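Please build the complete structure, drawing on both the sequences and the hints.
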Amino acid sequence: MPEIKKFQVTFDCAEPERLARFWCEVLGYVVPPPPKGFDTWEDYTRSQLPEQRGSWFACVDPSGVGPRLYFQRVPEGKRVKNRVHLDVRVGTGLVGEERLAVLEAECARLVALGAVHVRTLYDGNDACIPMLDIEGNEFCVD
0 MPEIKKFQVT FDCAEPERLA RFWCEVLGYV VPPPPKGFDT WEDYTRSQLP
50 EQRGSWFACV DPSGVGPRLY FQRVPEGKRV KNRVHLDVRV GTGLVGEERL
100 AVLEAECARL VALGAVHVRT LYDGNDACIP MLDIEGNEFC VD
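At position 3 of the sequence shown the residue is numbered 2 (numbering that gives the first Met the number 0), and the sequence of numbers has no breaks.
Don't read these hints as lab results, they were simulated from the structure. Remember, predicted model here, so these are calculated numbers, not experimental data. Heads up, some of the hints might be wrong.
Claimed, not checked - Dumping the calculated DSS-like pairs for lysine-lysine here, alpha-carbon to alpha-carbon at most 30 Å:
#	residue 1	residue 2
1	Lys80	Lys4
2	Lys77	Lys5
3	Lys35	Lys4
4	Lys35	Lys5
5	Lys5	Lys80
As the list claims (entries may be wrong) - Pair by pair, the computed Cβ-Cβ distance ranges are:
#	residue 1	residue 2	range
6	Asn124	Pro31	37 to 45 Å
7	Gly113	Arg52	19 to 27 Å
8	Glu41	Asp86	32 to 40 Å
9	Glu41	Arg118	21 to 29 Å
10	Ala107	Glu14	34 to 42 Å
11	Leu93	Gly113	24 to 32 Å
12	Val117	Arg17	18 to 26 Å
13	Leu93	Pro31	46 to 54 Å
14	Pro34	Asp86	16 to 24 Å
15	Arg108	Ser62	19 to 27 Å
16	Arg108	Lys77	18 to 26 Å
17	Glu96	Pro1	16 to 24 Å
18	Val83	Pro1	17 to 25 Å
19	Val94	Asp42	44 to 52 Å
Virtual Cβ for every residue (Gly too), placed ideally from N, Cα, C.
What follows is the structure in structure tokens.
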């Protein structure tokens, strides 16, 4: 049996810390402690060369189960549809109107954080809500 490996999900973005903090709110993730040798993230940032400041940020699942999310600044903006996206699973096991209500409530919470509601897909039994994060990356409330 092959060994199971840990992985992180990396986002290319314009504002790493801002996007990381958005996803902390979406997923209940937290900002990890600053790198070894620094008391705060501000201390760490001040130690970097000006052109490196704010070039990356990360967030983690406080339970240690979910993957680390890593956000890296890139010079180009988003141009095309994501080939991979996250599904925020809030309606697992629910069907019909009950599922739709839970997904719509989560959608409303995320819109208040700056996400964009793209559309609601509902067939009377199953539902999914495609959305955009604060930098236009696609994700679904599922």
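Quiz item: Can the suggested window of 44 to 52 Å be confirmed for the beta-carbon pair Val94 and Asp42?
Solution: holds, 50 Å
Quiz item: Lying within 34 to 42 Å: is that true of the beta-carbon distance Ala107 to Glu14?
Solution: This hint is violated: roughly 24 Å between Cβ atoms.
Exercise. Below or equal to 30 Å on CA atoms is what counts here, so check Lys35 against Lys5.
Key: holds, 21 Å
Quiz item: Given the proposed pairing of Lys35 with Lys4, does the C-alpha separation stay at or below 30 Å?
Solution: holds, 24 Å
Quiz item: Does the hinted range 16 to 24 Å hold for Glu96 and Pro1 at CB?
Solution: violated, 42 Å
Practice problem: Could you check the hint for me, namely that Gly113 and Arg52 are 19 to 27 Å apart, CB to CB? | Solution: holds, 23 Å
Quiz prompt | Pair hint Lys5 and Lys80, alpha-carbon separation not exceeding 30 Å | solution = holds, 26 Å
Quiz item: Between Val117 and Arg17, does the beta-carbon spacing fit 18 to 26 Å?
Solution: holds, 21 Å
Practice problem: Evaluate the given range 16 to 24 Å for the C-beta pair formed by Pro34 and Asp86. | Solution: violated, 31 Å
Quiz item: Can the suggested window of 17 to 25 Å be confirmed for the beta-carbon pair Val83 and Pro1?
Solution: holds, 22 Å
Practice problem: Indicate whether the distance between the beta carbons of Leu93 and Pro31 respects the range 46 to 54 Å. | Solution: violated, 32 Å
Quiz item: Taken at face value, is the distance from the CA of Lys5 to the CA of Lys77 at most 30 Å?
Solution: holds, 27 Å
Hint check: violations occur at hints 9, 10, 13, 14 and 17; the rest are consistent with the structure.
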